[in-house]
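Chain by chain, the residues run as shown.
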Amino acid sequence: MLPGDPIGLYARGRNQDPEQLVELRRALNKPLLEQFLTYLRNPFDSTIDSTRFSRPVWEMIGERLWPTLLLLGTAILLASIIGIWIGIRAGWKPGGRFDRISTGTTLILYSMPEFWLGMMLLIVFSVGAFGIPGMFPVGGISTPGVDTSSPMGWLNVLWHLVLPCTTLVLIYLADYALVMRSSLIDERKQEYLTLARAKGLRDAMVRKRHAVPNALLPTVTLIFLSLGFVVTGAITVETVFSWPGLGLLTYEALRGPDIPLLQAIFLMFSIAVIVANLIAELLYVVFDPRVRS
Amino acid sequence: MSIAAQRRRKSFAQFANSFRQDRTGMTGLVILVIFIATAILAPILIPDSALDVTKADGGRFESPSFSYPLGTDEVGRSILLMLAWGTRISLTVGLAATLISMVIGTSFGIMAGHFRGVGSQALVGVTDWFLVIPFLPLAIVLATVLGPSTLNLIIVIGITSWAGTARLIRAQTLSIEGRPYLERSKALGAGNWYQMSRHVLPNVFPLVLANTTLTVAIVILSETTLSFLGLGDPQAPSWGALLDRAFSSGAVSRGAWWYVLPPGICVVLVVLAFTLVGRAMERIVDPRRAS
Numbered sequence: 001m002l003p004g005d006p007i008g009l010y011a012r013g014r015n016q017d018p019e020q021l022v023e024l025r026r027a028l029n030k031p032l033l034e035q036f037l038t039y040l041r042n043p044f045d046s047t048i049d050s051t052r053f054s055r056p057v058w059e060m061i062g063e064r065l066w067p068t069l070l071l072l073g074t075a076i077l078l079a080s081i082i083g084i085w086i087g088i089r090a091g092w093k094p095g096g097r098f099d100r101i102s103t104g105t106t107l108i109l110y111s112m113p114e115f116w117l118g119m120m121l122l123i124v125f126s127v128g129a130f131g132i133p134g135m136f137p138v139g140g141i142s143t144p145g146v147d148t149s150s151p152m153g154w155l156n157v158l159w160h161l162v163l164p165c166t167t168l169v170l171i172y173l174a175d176y177a178l179v180m181r182s183s184l185i186d187e188r189k190q191e192y193l194t195l196a197r198a199k200g201l202r203d204a205m206v207r208k209r210h211a212v213p214n215a216l217l218p219t220v221t222l223i224f225l226s227l228g229f230v231v232t233g234a235i236t237v238e239t240v241f242s243w244p245g246l247g248l249l250t251y252e253a254l255r256g257p258d259i260p261l262l263q264a265i266f267l268m269f270s271i272a273v274i275v276a277n278l279i280a281e282l283l284y285v286v287f288d289p290r291v292r293s
Numbered sequence: 001m002s003i004a005a006q007r008r009r010k011s012f013a014q015f016a017n018s019f020r021q022d023r024t025g026m027t028g029l030v031i032l033v034i035f036i037a038t039a040i041l042a043p044i045l046i047p048d049s050a051l052d053v054t055k056a057d058g059g060r061f062e063s064p065s066f067s068y069p070l071g072t073d074e075v076g077r078s079i080l081l082m083l084a085w086g087t088r089i090s091l092t093v094g095l096a097a098t099l100i101s102m103v104i105g106t107s108f109g110i111m112a113g114h115f116r117g118v119g120s121q122a123l124v125g126v127t128d129w130f131l132v133i134p135f136l137p138l139a140i141v142l143a144t145v146l147g148p149s150t151l152n153l154i155i156v157i158g159i160t161s162w163a164g165t166a167r168l169i170r171a172q173t174l175s176i177e178g179r180p181y182l183e184r185s186k187a188l189g190a191g192n193w194y195q196m197s198r199h200v201l202p203n204v205f206p207l208v209l210a211n212t213t214l215t216v217a218i219v220i221l222s223e224t225t226l227s228f229l230g231l232g233d234p235q236a237p238s239w240g241a242l243l244d245r246a247f248s249s250g251a252v253s254r255g256a257w258w259y260v261l262p263p264g265i266c267v268v269l270v271v272l273a274f275t276l277v278g279r280a281m282e283r284i285v286d287p288r289r290a291s
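Chains as they are written, first to last, in my numbering: chain F, 1 to 293; chain Z, 1 to 291.
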């Protein structure tokens with residue numbers, strides 16, 4: 001199915017024995033069914049090598065997994081807290097001043113390519129422009145030579161985390177805030193809120209105890225369902241900040257192009273998204289007793 | 001003029017009237033008209049040589065000045081002129097990919113809503129698969145396999161972004177299927193094709209149009225991302241490709257903000273404009289959903 005010459009790609013820049021190449025070509029001329037079975041088995045084979053780095057692909061993915069989890073985990077956590085807070089304030093008084101300003105801002109953030117925001121933050125805060133001195137590192141996860149297991153090393157990693165994390169938080173929170181806002185607006189029309197007010201509850205209590213818990217449901221599910229979208233941000237933002245995670249590995253694999261590595265990464269991302277979808281379904285049942293029956 | 005045509009003309013006039021009263025929608029429309037005019041006029045106003053590396057007459061990474069209002073790139077070409085050409089490519093890719101996405105999405109949606117049984121379930125299954133699978137990794141794999149060119153970029157984005165539309169159109173089709181005029185046409189012996197093309201399609205069409213403008217916004221963002229990753233035509237200076245060049249030529253570490261800022265602003269403006277127009281159309285066509 002793939003056009004291009006995989007053997008040529010594999011042998012590029014090395015001294016390959018011509019007989020070995022003939023051997024490899026013969027492997028490609030095997031019956032299609034046999035090739036398909038190999039294709040299905042390959043991702044689970046721990047000895048498959050990347051064509052560009054000549055190392056087992058799963059070993060490389062294992063190394064790159066933790067930086068990505070650190071970056072995305074922090075970003076999603078912060079974005080959901082801030083996004084939900086903005087959504088609640090905006091959705092409780094739709095059309096108010098806070099709502100108009102925050103909806104405008106979130107719509108603009110929503111229209112932004114995340115890597116562009118990252119590049120602009122880099123220019124302004126780490127290179128220094130418009131009179132602002134450069135304060136943050138230009139990339140990487142830690143300063144070379146710093147021991148990342150010591151407390152100072154941790155601070156060093158945090159310092160490197162600030163800009164890429166800020167970029168992702170700004171982009172993700174736009175989505176969360178818009179959904180939280182619209183689900184709270186839907187909730188405002190419900191009769192149980194009128195009842196809560198009739199009981200004499202203060203406005204803040206009606207919001208905190210009655211409206212928000214119900215409006216949170218769709219938002220929490222969305223946070224898990226948005227993982228496919230989160231992956232997109234990780235690939236480009238990690239590239240811009242040379243953050244050594246799976247996203248940067250994708251970019252490196254693309255420049256090859258390194259097909260075995262790309263295939264493994266794609267499989268990895270798909271598994272992550274499907275697991276996140278499953279968690280979303282299960283959480284919904286935990287949070288909303290109404291769907292249990 | 002037939003009665004149907006008269007009725008259509010009247011409802012279009014009503015639509016245009018409501019749209020004119022929508023302030024955010026009109027703002028979006030004005031921005032779009034400016035960008036579309038730039039895209040159409042670019043080849044008339046700007047000579048081809050503006051893009052030619054060998055005919056570049058400015059210095060490397062020159063900051064904005066009178067002769068180069070937005071500065072120059074890494075080989076000394078005017079960024080303003082590249083940006084104007086980029087409008088043409090980004091909008092073309094955006095509109096063409098949206099067209100593909102809309103055709104696939106609408107036909108899948110109508111068929112999945114019209115037919116019953118295994119076939120319909122299979123269509124829904126395929127749609128759900130495309131909804132769940134992460135867009136960028138799939139698009140990357142497809143684009144790598146097909147090779148970098150503008151046409152391939154259009155195809156890749158088109159066939160990865162239709163699932164949301166299909167789901168929306170299916171829901172609308174299901175609600176139309178229950179209406180008496182479809183029962184009447186079935187009783188008179190109308191075939192599946194006739195029912196879908198003459199009764200269902202005209203009824204879902206306003207929704208398709210509103211959804212189209214929202215899809216263009218997402219598609220233009222996708223184009224920017226894929227071009228930034230080097231998956232577009234390396235010769236065509238789309239906005240994403242400009243950002244890719246800026247990034248790989250080291251404009252960021254030089255602090256050359258005039259190379260990075262303008263393409264991003266253009267993307268934000270166009271995406272925002274399409275979103276505003278789309279939301280305004282949705283408010284008019286389907287007030288229940290948009291509330």
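A portion of the hints provided could be inaccurate.
Each pair of labels, with its calculated beta carbon distance range [stated by the list, open to error]:
| no. | chain 1 | residue 1 | chain 2 | residue 2 | range |
| --- | --- | --- | --- | --- | --- |
| 1 | Z | 30 | F | 33 | 57 to 65 angstroms |
| 2 | Z | 107 | F | 100 | 47 to 55 angstroms |
| 3 | F | 34 | Z | 44 | 35 to 43 angstroms |
| 4 | F | 279 | Z | 92 | 38 to 46 angstroms |
| 5 | Z | 203 | F | 159 | 32 to 40 angstroms |
| 6 | F | 155 | Z | 107 | 55 to 63 angstroms |
| 7 | F | 279 | Z | 151 | 22 to 30 angstroms |
| 8 | Z | 19 | F | 279 | 55 to 63 angstroms |
| 9 | F | 213 | Z | 179 | 18 to 26 angstroms |
| 10 | F | 155 | Z | 248 | 51 to 59 angstroms |
| 11 | F | 274 | Z | 21 | 20 to 28 angstroms |
| 12 | F | 271 | Z | 235 | 17 to 25 angstroms |
Everything labelled a hint here was simulated from the structure, so no lab data went into it. Model, not experiment: these values are computed from the prediction. From the three backbone atoms N, C-alpha and C, an ideal C-beta is built for every residue, glycine too.
Violations among the numbered hints, reported as their numbers in ascending order = 2, 3, 5, 7, 8, 9, 10, 11 and 12
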